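In order, the protein sequence lines correspond to chains A and B.
One gets the working numbering by counting positions in the first sequence from 1 and adding 5 to each.
One gets the working numbering by counting positions in the second sequence from 1 and adding 185 to each.
It is possible that part of the hints are untrue.
Here are the simulated BS3-like pairs of lysine-lysine, each with C-alpha atoms no more than 27 Å apart in a straight line [to be verified]:
hint: 1; chain 1: B; residue 1: 362; chain 2: A; residue 2: 384
hint: 2; chain 1: A; residue 1: 386; chain 2: B; residue 2: 283
hint: 3; chain 1: B; residue 1: 283; chain 2: A; residue 2: 29
Computed Cβ-Cβ distance ranges for the label pairs, DEER-style [stated by the list, open to error]:
hint: 4; chain 1: A; residue 1: 31; chain 2: B; residue 2: 370; range: 37 to 47 Å
hint: 5; chain 1: B; residue 1: 303; chain 2: A; residue 2: 389; range: 23 to 33 Å
hint: 6; chain 1: A; residue 1: 27; chain 2: B; residue 2: 370; range: 57 to 67 Å
hint: 7; chain 1: B; residue 1: 264; chain 2: A; residue 2: 276; range: 29 to 39 Å
hint: 8; chain 1: A; residue 1: 21; chain 2: B; residue 2: 302; range: 41 to 51 Å
hint: 9; chain 1: B; residue 1: 394; chain 2: A; residue 2: 371; range: 55 to 65 Å
hint: 10; chain 1: A; residue 1: 389; chain 2: B; residue 2: 299; range: 24 to 34 Å
Just so you know, the hints here were simulated from the structure itself, not pulled from any lab data.
Keep in mind that this is a model prediction, so the values were computed, not measured.
Backbone N, C-alpha and C fix where the C-beta goes; we use that ideal spot for every residue, glycine too.
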Amino acid sequence: MKPIIWFYFPARLAWRQLVFDRTKLVAAICGVLFACVLVFMQLGFRDALYASAASAPVKLNGDLFLMHKQSEALWRPVRFKRSELMRVLGNSAVAEAYPLYLGLAPFKNIQTRTKRTLMVYGFDPDSQIFKIDAIDDKRAELRLKDTVLFDEYSRPEFGPMRQLLAADQNVTEINDYKVTVVGLFRLGVSFAADGNVVTSDLNFMRIFSRRNHEDIDLGVIKLHPGASATQVQAALRSQLNEFVNIFTYEELLSYEKDYWANTAPIGFIFGFGTVMGWVVGLVIVYQILFTDIANHRNEFATLKAMGYEQGYFVRVVFASAFFLAVLGFIPGYLLSLGLYHMAESKMYMPMPLPFGKVTTVFMFMLSMCFMAGLLAIRKLKDANPADMF
Amino acid sequence: MSTVIDVEHLNFSFGSGVLTQPVLKDVTISIEKGEIVLITGPSGSGKTTFLTIIGGLRQAFHGSVKVLDQQFINSSEQIKVKARQQIGYIFQQHNLLKSLTALQNVSMTLEINAALTERQRRERAAEMLIAVGLGDRLDYKPDQLSGGQRQRVSIARALVGQPKIILADEPTASLDKQSGHEAVNLLKQLAKESQTTILLVTHDYRILDIADRVVELEDGVIKQV
Ligand SMILES: Nc1ncnc2c1ncn2[C@@H]1O[C@H](COP(=O)(O)OP(=O)(O)OP(=O)(O)O)[C@@H](O)[C@H]1O
Ligand SMILES: [Mg+2]
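Excised from the complex, chain B in its bound form (with noise of 0.2 Å):
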């Protein structure tokens, strides 16, 4: 098993001078390829911060972070934006553009994919959306649909460019136990099957039982569970 994602004495501070305040501290863990990994831990632990620099999506100065072999500590904005490419998202809210439909939105992670034809764009996106179980709200804009239906077409955004890693913060904290525990369910599926890397945060421990590992983040340290 190769590693994906391995970060050592990862240190991380907000502001600078008197107002440093210290939100990493020491953190060293790897995670192989495939794994499904949750974060818990207290608000304000850190959880969040740390998942924006394993996204490439914040700019971390000392201790090493290596991701798809990609050193991210003093990186340029270009690495940068090409390791983004292959990292999928899923955020809290589900973040989809309002103008586009759910089709649409899910294209736009194979717009940057240059190698493929818009017919394949087309059918590779309804294809995912068929699989979360949106087969027949294929045109449908987001304030078109509940909820839950727009975490899974975020979820078959992030899973459509077969990424090597899924990063997701808290994405069953706007749905319903039910609509959550399948989301989750359905992204564990989805992922097992492509030998995808979950990294995911949460504070629900109702699908703590998803996890192949779960790590708790306390005050910016970490601790094993």
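Next up, chain A with everything else stripped away, as it sits in the complex (with noise of 0.2 Å):
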């Protein structure tokens, strides 16, 4: 048979009948669009939780880098011994080895004096270890005692800090303890941190009284130009202790996401949340497939009687399906790209709409109208043409 009697013909059928009705066309449309709504903000907020989860090690300047085993992430790190960072400087390949300090304290806010936490990063001023211009020119300043810098894409709670520092109204307190904001980087928020500080080794230890010098929470390793990451990391593997990590750079950006997307309950709860997206559209749409069905019963039991066989029904209902599910695809995309934007802009958090979301987005919705078409062609056999007469 012609392919155009095959599958153009119930498509047609289906089309006439859907625009028929207006009103339950908007309704259907309304409900694949909410289910696509809700998948795009879902895949949205996980995917931007990833990417600013690892935001901070993106901008570490270094080949190879040393946690202890036990660090689940970042912004919750097991600390260890500095000698056992610079064990690695016998190894030839490696150029210079530095330590960062990490930690969460409260920050008060210059103008309301409110206390908020905000992460604090201290590394040796001599080093390069981010891949911050604002950093590195800062690097004098923060030698000075008591100097810090401030994360100008931390969340807004934390105070205007560029007007604030036009005004030279530059000192605070982080954990209690007075410091003077000598200058600004850009770094962003994660869902560990609402803002990020960046000070000197030296300044860390005054801020974090009980913390010193020996307890590292990551090594930052420079290698030789030339020398092989991955060779090298093996060669120190072997050397180390245990109880140590040595990633390469790919290797800690996605043992940062994977913490987010399995150890953290969150990625779950957004995996979740992007099922049962599915679910309640898979839900919305089979009635409406089921209730036309059975509207339409008595037209396909004509049908029938005049010589259709089921196969030309089954192509209408999943013909119907898929136009639900570009109909509501359409406006759905369309909401969820001014939803990304305005989240974007209140939540200072990246969104990025990428082609490869809107296609799997896109994929999720089909797939959800063709289960819905697949559960409701079994009202088909209700249509019989010898009770047409």
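Both chains come to you apart, so use the hints to assemble them.
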């Protein structure tokens, strides 16, 4: 049989029946749209979470990284001895090794005097372990006592730091310890921290009076030019103690991502939300297709009496499902685009909408409508042509 | 003349076991090509049941039902679907698709036929609607038409595929005397032109005059009149 007969005619009948009842069509489209937006937002938040979780390691400037095996993620590290890091200097391919100190501490808003927790990074100002020019440029100032740099991309609750600095209001408290903000840099918030501050290792010990130089959170290793990171990694792995992980840059990023995706319940929550969106959409579309078949029962039975075979009606139902998927997806996509922009501006989280995600959600909607069609075609057997006379 | 419908010793009952209710008892009738046969009889006598078996819409198990040389007793769905495509149906209710225009409704009969182009389908459907006097209503939907007009659309739908047999179950029941008579005369005229066999169930004694033969069914038993 010609393909046009096979698909075009049932699809055309499905289309004509859909557009005949505008009110119901609008209701059906709203159902798919709702599911679509739900899935878009869940996936958007999840990806924003992963992207921001990795925002700090992304800006680290190193070839290999040392982390305690029990560190689940960078924001909640288990400390290990500085001497463990210094041992890597024995490898001739290693050029430099520097510790990074991390700590969460309350930061006092200079204007409102309210306190909010942010992440404090402590590093040796002689090193260049951040790929952030604004930090490199201020290394001289950071060597001074009680100076910090503030992340401009922190949440606004910490105060309008740029205006405050311009007005010479640059003194505040971190962990109830008085510090001076000597400049700004840009990193970004994550689910772990609403804001960031960078300071020297010496100042870090002053802010966190119970910390000491010997217990470090992360080791950043730079190799001589031309050395292979994976080869050195293998060599170091056999030399170092078992309790440390030695990661390449990519491994560190994926370790962070995996934490949020698997260990933290957050990855699960968004995955669950996505599936719920799918299920809610499925139920709505199924309900619509089901009542549609019931309403057209007599018409289908008439067509059966005229010699149409069962497969024709199955194709009518799947064509309806396909049209609903497409018609709901288009406004759903546009609405999500707006919501993504809103989320970016209100929550200071990166919410990109790449083509890959758009096609993923479309496939999601398609499979949802296909599944609904599969469930609804059972109802077709109610159309019995013998009842038509 | 060739025999189009040949029924021998057809028995049919609804239900099973103690609840078995015989509806057709040893029915034997044969109908020739081009013949117009009317079936009358009291309510519940099995007229509709008989029509649905002839039309391949209901499966019978005992006797012999040959329609267009196909045996329907214990036949496969495939055979019946093929046969249905050569039969035109006119129902008591018009049973038009309400989301389609008159023209699109009539075209539905032709969409099973892959040999035609879309243009040929439209032309044939339009010609048929003109023949039933609805040339100015091609793009009207069923709920914009009167009862008589709807029944004329369904006559056009039944005839447009040039079926060998037309089965009609009380086609005038929902129409007044005038439009009922018009519809049936139209059916007769168009069918005679193309030598189509018509089997028509009716309670309406006003239209008996169109028949070549009238058959009475009483309590599942055929009586020639
Ligand atoms: N689907 C069914 N299941 C069980 N019994 C049925 C069914 N359809 C019809 N019957 C029974 O079969 C008998 C014949 O019904 P049928 O519809 O053929 O009568 P009819 O001659 O067309 O009557 P009418 O003139 O009122 O339309 C009736 O007693 C009816 O109750
Ligand atoms: Mg009846």
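Hints, verified against the model:
Under the criterion of a C-alpha separation no larger than 27 Å, the hint pairing residue 362/B with residue 384/A is inconsistent with the structure, at around 39 Å. Using a Cα cut-off of 27 Å, the hinted pair residue 386/A and residue 283/B holds, with the two alpha carbons roughly 21 Å apart. Under the criterion of a C-alpha separation no larger than 27 Å, the hint pairing residue 283/B with residue 29/A is consistent with the structure, at around 15 Å. Our hint of 37 to 47 Å for residue 31/A and residue 370/B holds, since their Cβ atoms are close to 45 Å apart.
Distance hint check for residue 303/B and residue 389/A: the Cβ-Cβ separation is about 31 Å, which falls inside the suggested range of 23 to 33 Å. The hinted range of 57 to 67 Å is not satisfied by residue 27/A and residue 370/B, whose Cβ atoms lie roughly 40 Å apart. For the pair residue 264/B and residue 276/A, the beta carbons lie near 52 Å from each other, so the given range of 29 to 39 Å is not met. Taken as a hint, the range 41 to 51 Å is violated for the pair residue 21/A and residue 302/B, whose Cβ atoms sit roughly 20 Å apart.
For residue 394/B and residue 371/A, the Cβ-Cβ distance of about 59 Å falls inside the hinted range of 55 to 65 Å, so the restraint holds. A C-beta distance of roughly 26 Å is found between residue 389/A and residue 299/B, which places it inside the suggested range of 24 to 34 Å.
Checked against the numbered hints above, the structure violates hints 1, 6, 7, 8; every other hint is satisfied.
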